[in-house]
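Protein chains in written order, with the working numbering: chain R, 171 to 997; chain C, 760 to 977; chain W, 1486 to 1927.
The reader is advised that the hints may include incorrect statements.
[Said to hold, decoys possible] Once the Cα atoms are required to be at most 27 Å apart in a straight line, the calculated DSSO-like pairs of lysine-lysine come out as: (1) K784(C) to K1520(W); (2) K784(C) to K616(R); (3) K1678(W) to K199(R); (4) K636(R) to K592(R); (5) K931(C) to K353(R); (6) K968(C) to K636(R).
[Claimed, not checked] Selected chain R positions facing chain W (in silico; Cβ < 8 Å): (7) N244; (8) A247; (9) P251; (10) N288; (11) V321; (12) F325; (13) K327.
Think of the hints as simulated: they come from the structure by calculation, not from any bench.
Just so you know, even glycine gets a beta-carbon here, dropped at the ideal spot from N, CA and C.
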Amino acid sequence: MTATADKPAAAVVDTVTLTIDGTEVSVPKGTLIIRAAEQVGIEIPRFCDHPALKPAGACRQCLVDVASPGPDGNLRAFPKPQASCTMTVTEGMVVNTQHTSEEADRAQKGVMELLLINHPLDCPVCDKGGECPLQNQAMSHGRPESRFVDVKRVFEKPLALSSEILLDRERCVLCQRCTRFSKEIAGDAFIDLQNRGAQQQIGTFDEDVLDFDGYRPVGAATVDEAGKAFSSYYSGNTVQICPVGALTSAAYRFRSRPFDLVSSPSISEHDSSGSAIRIDHRRGKILRRLADNDPVVNEDWISDKDRFAFAWQNLSDRLTRPMVRKDGDLVEVSWPEALAAAAAGIKAATSGEGDDARGAAVLTGGRVTLEDAYAFQKFARVVLGTNDVDSRARAASDEEQAFLGSQVAGTGLGVTFGELEKAPAVLLVGFEAEDEGGVVFLRLRKSLGRQRVATVAPFLTRGAEKLGATLVPAAPGREAAALADLPADVRDALAQPGAVVVLGERVAEAPGAFAAALEVASSTGARLAWIPRRAGERGAVEAGALPGLLPGGRTATLKGPRDAVAKAWGVDALPAAKGRDTAGILAAAAEGAIGALVVGGVSASDLTGDVAAALEGAGFVVSLEVRRSEIAEAADVVLPVAPPSEKSGTFVNWEGRLRSFATAIRTDAMSDHRVLDLLAREWGVELGTGTVEAVNAELAALGAASDAERPAAPKAKAARNPRAKKGTAVLATWHQLVDEGALQDGEPYLAGTGRVAVARMSAATAAALGDAVSVEVSTEAGAIELPLVVTDMVDGVVWVPVKSPGSWVARDLRVAAGAVVSVKGAA
Amino acid sequence: MTYDETTLVSLTEDAAAIIARYPVKRSALLPMLHLVQSVDGFVSPDGIQFCAEQLELTAAEVSAVATFYTQYKRRPNGEYQVGVCTNTLCAVMGGDRIWDELSEHVGVGHDETTEDGKVTLERLECNAACDYAPVMMVNWEFFDNQTPESAKQVVDDLRAGKDVAPSRGPAKVCSFKQVSRVLAGFEDGRADEDQGAGTATLAGLEAAKGQGWTEGAK
Amino acid sequence: MTVTLTPVLSATWGSDKSWSLDTYTEAGGYAPLKKALGMAPGDLVQAVKDSGLRGRGGAGFPTGMKWGFLPPDDGGPRYLVVNADESEPGTCKDIPTMMSAPHALIEGVIITSFAIGCNHAFIYLRGEVVHVYRRLLQAVREAYEAGHLGKNIHGSGFDLDVTVHAGAGAYICGEETALLDSLEGRRGQPRLKPPFPAVAGLYARPTVVNNVESVASVPAIVDKGVEWFTAMGTERSKGMGLFSLSGHVTRPGQYEAPLGITLRELLELAGGIREGHELKFWTPGGSSTPIFTQDHLDTPLDYESVGAAGSMLGTRALQLFDETTCVVRAVTRWTEFYKHESCGKCTPCREGTYWLTQILKRIEAGRGTQADIQQLLDTCDSIAGRSFCALGDGATSSIISSVTLFREEYEAHVEQGGCPFDHAASALFEYSDTPATEEAHA
């Protein structure tokens, strides 16, 4: 990829030398004793300590004997043992842990005994058994027998803190890792300590649990907008860091023992961060996923979607055998038969001449790995002879494509997570960090108070508020104007070295916005980062799975780059006709202008185009799918492909970082790129995409495009100016992190934590509807009715979630953000 | 929220006055919970939501505070919070006996309220009047040197609707809600009412005067 | 040292409308303020240092030194917070001070604030004393009206606002960092030190937390001078203090005397232990201090002597119990107090007091064993020096000292299967029928 820049001289760090259990160790100044001990292999028992959380010193398990040189240079012992998790090292300090100090050992055993007096003997029925820090440390640092013969305090159990997170209060050792994580890292204080003393417990405000008398409050904006107990998108992390079995997840409760599980490292398929996860599976079935520690990308955390949404990979609609439509019905057939039928069908549908000439088109979907995307676009160009290939199953634009080709593809590692964290200022455009970015939000939040965040959006979401963001108000479609006219203080902030402008995939819905963003970047010196929603988007850009792009950022519209790639591929030439994007493909297919459609992992309900008509109008449809989706159901040939856990491959994350993962569960399922390789042989073509290695070798050989080979950067274009008439509004819409996206299917506990769908309008806009409690948003295609929440936001705009219960915008309204929709008050 | 318009308006005004006393508004939470008690007679779920909204906290954070302090009641409280100190010194001096007899006489136990809603009994921790043991507090006014008879008499009088004067404090004991409003920081004009400083409080001073020791005061 | 009482703070307590501004001013109040405003703040701090005034809230840390820990002015606010959360069992000196002479505290607050550069001071009063709160609110208002508070006080250019804040029932809020968290609108749980409040206290700003009596002593020091103060007390425990006598004493109450006075001397002035009885055990500084017996009647009540004798001067809360009192009963009830008041943050205090209470209640009820007595000591060993704050340590004091001094009484409960004492004999009123034994605090 890119050549490494000159490395800066290693920063000089002040070190401190101290002695722990007789071993000398030098560590950076400011290191906690407990961390320094770990560096020399000394494990001091602990519960409340966690490297990513601020020290608490609450559990008192980590007590050690400390002596430190006084002003006269002589060692002075502290009169009582000290908590090693809260004390930083000093020069010449002498620490004696349980290994070398009887007092420390006695203190630790004492604390451990006290922890166990009220702790229930739940081990046989507790999820944590087998991987429990309390069990482990009780064995190594505790007394073999308890001397407690009195009555333990008990609580009713379990409490559902949300539909996913369960709390067994009597197991809790009150280490407060969960409340500290929720407050410090995620910014969601949905749980806090309740009561006092031995009755202290973790909880939400639940008046039944806390024994409050009285009625339940009703009305808007009490718990959350729709009266639902509020949760956090990151609540699953508390289950992972809980050092006992107090916090468990409903999806995993009672399902397995850790020693039955095989752990495979992998990469989450749910967003473009490429978070490192650990897949725990047993006999071929995934039982749970955890966050893996990756200090560079997701640190210790993942979102609840990353963690809990994996059932989709193996629901009852999972495809395992190829299918061919015979007499109107799909029947299972062998691979040779299916591949032959697919090739025959495509050839027949695209064999017409002259006026009957019909081409083929490829929709890859945004879930593909880098290798899959490469195979799809090479298949399209080499086998099908078309540039009609697009990975963007969402609103897209030529402007976006020009931006991606000129600024993103083939640029290697760009702005990184670390640089985003350290940026003095961040401007978010068409990007909701929490709902669309997952762990990106957590990284930004680390810099709360030290980083100026502004967001170009119709209103400040809760996620944006938690980042302390200021709003640069813009109705959807008007982002370009807002960028051209940024407040002076925002521009000044962006002029600081290290400032970043984040562009979400929704910038594609705003004409002129990419050009305007480029102008902001060049005039302020801020760097740009493009953060799409889906895991496969960046990889698809690298691989050239867009109509106007070839691998590495080369434009498909110039002969030079086309010929270079053709040469690398060993073919005479690549198709020259301008390719259609997703919307163009669907429209053309509906008109009957497309002969054959090859479709990857695409949910019909995500597309605003008339998918049914497209499938009907296309002559022949081949579906490469994991599940028997709507599109697979309508296809002529269905070729089953592997879900992420059953294949290896690479996601390229938004940083441009390659996130490779190996097969976690071995089955005979094949990746898309392998299936396409087999299919290409039906044309006698050696596609060369049979293995991950082969594809990566080709990509490496192709390399990045030179500037001359790239498309030109998008130019400024007059922004659309939708003026909403009476009874209409401009539609704003985006995904909630937990919603009814296809990859979250089959996981009801997670679904229960999703925010209830509401429609938002400003007070002035809502007033025009009269005294309405809910609002009906409609187009010619259909209508959506949702409870109305008056929000401080841009006038003349209505916001609804794009795919939440009761609100599927693409399928029901058939429009994207920025469209003018009818609004009407409902009772 | 089920507060009516008028209540909400005055609550909001009072909340603003409280918040204005502090550089950081979260500090207003404890007095605001007293304010809620002055309106609802206990810390109601509505009150918790109100405080959460005013101070931009979650309900969990507000209840975290409301459940930590013993003066915040979770059920509609009696008009008179009657507390008998049963910490060691008062208990030994007779507080245990006063509690037993009073509890039996009134017919409720710790943290329980009489049917007529007049009296809630509580076993108190040390209320800083040890030189007046055994001590009883009624709505946080001092009832010093109690006996079972005197305690029962006080409670009977309160339940009968009579004005009852404390040993040290205002002319009479006010209601739980009224006193809660004072604790929220709103004066009720009774500061100059007085029952006398109390014998024990002046014991040292009297002993000194008796000996002619006023040196310290020079 | 002559045995005298020295009414300084308590001098005006018996006067007509003693709490009013007029009474206080007539007695010379607010003259020290005017004097202080004419001094350099640094000189005021030095004067308090020189006086040897030590924190009167129990810890006895030199007050002037605490003021001196504040970092240099950085242009941001710094705060004075008065700890008026008096809740330590046996302690009852600050409440009468604020009830009868709130202006002594207010004047002290103004002078102290001036000395340390604070423009907004807070008085954190426990919530369970509403008439005291009324008096403080009124006193603050009177002070504003008289120009002792507000902007440009008496033309000095010094601004000061005072907020009186009511707590809501938590003994732990008497711990200075828990108090700060409570004042910030949170649960009253202690904070890690360092950073110390002087560096990062209220709202993470430099803060001085002082006890009521400490602050109220400042006007007298300014008025009568350092020499006057140092003439009282002992070498390292200077000045006078309020000694609170309670329990089986004839005339319980507040006795203001130089530090170093003995209990014997105080008892003489207070009419001795009640007629026909003799002293059995007592606390020098509240329930958190190891108990004393008749053997300590002549121990000078100053920090050093009491410390050397195995206890702590604390808040001079002298709870006096005669021979009718069951030590086990007393200690059990104190332990239930600590369990009730434990904030729950740290394992030793939260779990330890829970355990200790159950053991003690069993012993008191006659269902204890010899092993239980040893277990009490072992559990105390797991708490003392291990807990996050001093509440845990305080919980162990009475248990360890009482088992040491009165072990045979614990053993008697075990052997006799019940309490050998007649509770009625300890009460200050008479009652005769068998008392119902009720379950103590949950």
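_Cut-off 8 Å, beta-carbon criterion: hint that A247(R) touches chain W_ = violated, 13 Å
*Answer holds if the nearest beta-carbon of chain W is closer than 8 Å to that of N244(R); otherwise answer violated.*
violated, 22 Å
*Taking 27 Å as the top limit, are the C-alpha atoms of K784(C) and K1520(W) close enough?*
violated, 35 Å
*So, F325(R) near chain W? Judge it on the closest CB pair being under 8 Å.*
violated, 14 Å
*asked:* Can you confirm whether the C-alpha distance between K931(C) and K353(R) stays at or below 27 Å?
replied: violated, 46 Å
_Against the 27 Å threshold, does the CA-CA distance of K968(C) and K636(R) hold or violate the hint?_
violated, 64 Å
*Restraint outcome when P251(R) is required to lie within 8 Å of chain W by C-beta distance*: Check passed: Cβ of P251(R) comes within 7 Å of chain W, closer than 8 Å.
_Using the nearest Cβ pair, does K327(R) come within less than 8 Å of chain W?_
violated, 19 Å
*asked:* What's the verdict on K636(R) and K592(R), does the C-alpha distance respect the 27 Å limit or exceed it?
replied: holds, 17 Å
*Are V321(R) and chain W close enough, Cβ to Cβ, to be under 8 Å, as the hint says?*
holds, 7 Å
*Within a Cα-Cα threshold of 27 Å, do K784(C) and K616(R) meet the stated pairing?*
holds, 24 Å
*When the nearest CB of chain W is found for N288(R), is that gap smaller than 8 Å?*
Because about 6 Å separates N288(R) from the closest Cβ in chain W, which is inside the 8 Å limit, the hint holds.
Hint compliance for this structure: hints 1, 5, 6, 7, 8, 12 and 13 are broken, all remaining hints hold.
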